[in-house]
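Reconstruct the complex from the two isolated chains, following the hints.
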Amino acid sequence: MAHDEKLIQKLTEKAKIIRRDAVEMIKAGDSGWIGGSFSQADIIAALMFHHMKHDPKNPDWEDRDRLIVSKAHCCETVYAAFGEAGYFSKELYKSYGHMGATLQAHTERIVPGIEYSGGSLGQGLSFALGEALAARIDAPKDSSGRPVPRYRVYCIIGDGESNEGQIWEAVMAALHYKVDNLVAILDHNKFQSSGTIEERMNMMPWVDKWKAFAWDTAEINGHDFEAILTALENADRVKGKPHIIIAHTTKCKGVPSFEHKNLHFCKLSDEMYAEALEALK
Amino acid sequence: MKQNYVLEPLGEMKAMYQAYNEEMIELSKKNGKIVLLYGDFPRGAAGELFQKEHPDRIYDVGIAEANLITTAAGLAGGGYLPFTHCHSIFAVGRAYNQIRQNVAFDKLNVKIVLCNSGMLWSFMGGSHQIIEEIAAMRVIPNLVLVSPSDPISTKKMTRAIAEYTGPVALRISAPPVPTVYRDDFPFELGKAVTLTDGSDATIISTGMVLSDALEAADTLAKEGIKVRLLDMHTLKPIDEAAIIKAAKETGAIVTVEDSSILGGLGGAVAEVTAENAPVPVKRVGIKDRFGQSGTVPELKEEYELTARHIVQAVRESVKKK
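Here the protein sequences line up with chains A and B, keeping their order. If you're matching positions, the first sequence starts at 1 in the numbering used here and goes up one per residue. If you're matching positions, the second sequence starts at 1 in the numbering used here and goes up one per residue.
Hints were generated in silico from the structure; no laboratory data involved. Predicted model only: the values in this text are computed from it and were never measured. Some hints here could point you the wrong way.
List time: in silico DSS-like cross-link candidates among lysine-lysine, alpha-carbon distance up to 30 Å [stated by the list, open to error]:
1) A/53 x A/10
2) B/33 x A/53
3) B/107 x A/178
4) A/178 x B/30
5) A/94 x B/107
6) A/239 x B/52
7) A/141 x B/52
Derived coverage of chain A by chain B (criterion: at least 3 residues anywhere in the stretch with Cβ under 8 Å from a Cβ of chain B; other residues may be distant) [unchecked claim]:
8) 107-120
9) 131-139
Virtual Cβ for every residue (Gly too), placed ideally from N, Cα, C.
Next comes chain B alone, as it looks inside the complex (with noise of 0.2 Å):
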């Protein structure tokens, strides 16, 4: 029922802009086109090699987020690669229309990392956490939309983007995570990765909240309730096709984000159940609120994003049926 590639126990705990810039160090061994922008933002070992190998392909515009997506879609013009670092607060905020204008209008290849997305970031409090990200960025016509769920995800989601031409955002949370997958998991932009199977209900999870949405399975699966879990990996385009064939296999969908219950993954899930293959869809999310300070284990309890919330909700769900 779980999949062989899903670690047994959960495996290191590690950031996902650790695992990102892992793999940016990796790519830009072969790849002479990639220049690294920042709004004032932490390097990471990507930046600082480039800092030293590749000084001309790397820069800093200082905390001036519309300055920072423009300039990128200019180098995209010029025929490079940029990749954007900022708050995903920011970028989404104070530099939507930037996005939308300068790079997803003309389909510039440029990826825009929003760093510390979605709720689950400690102590900075709800001028940073982001929760309208989801909405307002998968709204955006030609604008690709990835929320990897841990290290290794991460790593094969940047990958992915890199070889992909277009515009990508791509979500990336602050706290370190633990490593759900293995290595050689099956990865493919655009496709849900299933991480346990059965028909009673399935969970639609996106992002770092993976790891409660698997220890929720597990649960539920000790009570009895065989449940789907997939990995939403990519926001936009989303999986139809595994969206509904969970809805006609196990006829009630959980989804699970840290991010608004409104336009989110969950909204998405909705849209296309409800024109293809109606069944309940249980929100678990941020509930129309602004965040605040805390550590990721009190903000999980406080915004209901425990795995304890997930199971309760599938309960609830598969009363629904």
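Here chain A stands alone, though its shape is the one from the complex (with noise of 0.2 Å):
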């Protein structure tokens, strides 16, 4: 069934604005992850907008969703969307990056609303299992005795991140625990740090290796919120397993010069910094 059309203006609006945001943060901080955080925005949006149950007056409030950005070198974007949804101050975002900021270069929970504190990659789908299972202690129970969970949990991956061997760890324990309040969403923008990840490490058959896990599997463009919104909604829906959205995206998403170079961990030149404000108006 269709979303309202405002609805997703309004999405496409702050996914926008996000992207714009991080970008200014890049310029500010002389360097950043635009490729990967602007793959992920439009995800963040759909989550940060709608989807999720949160307060930004609240941001220890025991029940609300969580967001882990287990790729958390793609920190910009997940920094605009809380300082846009309004946990802190935008005037932060021009000290991102350097000596004594709040920003730092891999998200902290420091930062109100940052769950998580990356940069090693691999671990944060463990957190978000954790985070899960404690959603379901002290949980009130359904009429069959099952607890229903405090909360849920939403935890975007990398595609490179995947080769971590920790990540299979989360997953297979996840099935154990029949964790069904654990989202996890793949960023499939098929690149990684130093090449595409064909090259470097090449995990094919995607699909098949969730599916062969027994997560719960869909598999969607990760920049139309038709589709993104639709996935979440169906993984609140089916109990007893854990979710998986796996998410074609293009890495640098909303720049289109940018968005064929592997743009991973890279300096805004002048140049670019107004090519990518101009893409974005």
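Right under this line is the structure:
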């Protein structure tokens, strides 16, 4: 069933705002992970500005939904989403990556709203699993005596990041414990730091692997809000197993001239900065 | 000279893991936030109780130590008090980055139980006997590292770390060990316990080798060498004041640990004395070797960790004063 057009427009606008703010941050910090920040931006917008249950005025609300971005180097659109949502002042953006900054180069729990201090890839899904298990303790029970989780946990992982063995440790444990309030989202942008994922470490077939691990598996266009929202809502409905949404994305989506380069970790020249802001008007 | 809370003769033999489990059962009566996590590791009595009475607060992640530590961190993020259980060698070895990055970095309230700690673990051999544990763990910021020596101190330490808010790693040795302390001995996290007093030399011990150090102190007393024996049950933050006082008042220190002499208790004590009160520090411990199969008495003999070796080290140290 299609979602309201106004909602799609709102999310499109929010996604543009967070991409623009990310560009400002990377310029101010003189470095950043623009490619991976942009490929996940639409997913983050859908979660932060519609799907997740959270309250910027109350970042420690015990029953808030959790967003854990395991690929934590792609921090700029994460910071921009929490800033746009009102968790902290956008004044913090200009000190991103500087000495003494609240906004460090990889996300940290010191930032209001940020649940996870990342940087060491492959660990965030385990952290998300722990948070998801916690949601089921001291939870009300349904008519068949099963706990109704107090909150849901959304974890964005990378495809390069999926090389790490610990990802699969979390995958097997989440299935074993039927952690159905855990939703992993794979930002499948087909690149990792030093090249394409196929060149570097070919993990095809992706969808089959997840299906073999018996998670509730969906495959979508990660830049189509209709598809993102539908997949998130379906994941909420399916009980008894954790959920993976494999989102096909484009690295650096949003600035067409950047989209087919592997802009992983880069500085933005004045020209690139202008080009990006022009594309994101 | 020997404090009255030191048992004479020593009391019942008990494995530290059993003592830990007994205390966890007591703690769980009032604390509804405790979650027990295992990496395919024996439950113990506390685990068996939780399986029956608190099945939503006990999880085993299988042979996956990285996931074990990080899942615990997530549970702490969700407001609970997780205790992880697996072999020390695999927690420290395979999940070192997870301990450092997911627990210590954010000061999350996770208690990492380093089971089968140290060299003195019979039969299992060199792949399982950890020598690098103290050195590797004490260099991680924000991580409290504790090392009780007998069943009673294990219980008091378990309670203390549950009450402390922040990351803790707890060393628990494998074999049954004698009870050294009376139930009411003075215990404070971060403060060394004095077992015997004297001014000829100091022995600073950590972990299960305390009973060997005590035997050495008794032997030395008979030859007229009166040693101060300190149980350094908290390795980090270490009791610097007690070390400096011992250095100034006794002039020579011998450290004893079932761990490498590189960077462990011996290293930590030498760091304090070198900066504050330089005295000879003789380190008794594993001399940069891997372990092997054997019984605990055989291992003590092979790795020079008997009371006899400690006595010899003290005699030599006194000569260097």
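These are the hints, each one checked on the structure:
1. Annotation: proposed proximity of residue 53 of chain A to residue 10 of chain A holds, straight-line Cα distance about 17 Å (limit 30 Å).
2. Taking the CA atoms of residue 33 of chain B and residue 53 of chain A, the gap is about 24 Å. The hint holds against a cut of 30 Å.
3. Note on residue 107 of chain B and residue 178 of chain A: the hinted pairing holds, with a Cα-Cα distance of about 29 Å set against a maximum of 30 Å.
4. A distance of roughly 29 Å separates the Cα atoms of residue 178 of chain A and residue 30 of chain B; the hinted pair therefore holds under the 30 Å criterion.
5. Of the supplied pair hints, the one linking residue 94 of chain A and residue 107 of chain B holds, its CA atoms being roughly 27 Å apart against a limit of 30 Å.
6. Of the supplied pair hints, the one linking residue 239 of chain A and residue 52 of chain B holds, its CA atoms being roughly 25 Å apart against a limit of 30 Å.
7. For the hint linking residue 141 of chain A to residue 52 of chain B, the alpha-carbon distance of about 18 Å falls within 30 Å, and the restraint holds.
8. For the segment 107-120 of chain A, the assignment as covered by chain B holds, since 7 residues bring a beta-carbon within under 8 Å of that chain's beta-carbons and 3 suffice.
9. With 8 residues having a beta carbon nearer than 8 Å to a beta carbon of chain B, the segment 131-139 of chain A meets the requirement of three or more and the stated coverage holds.
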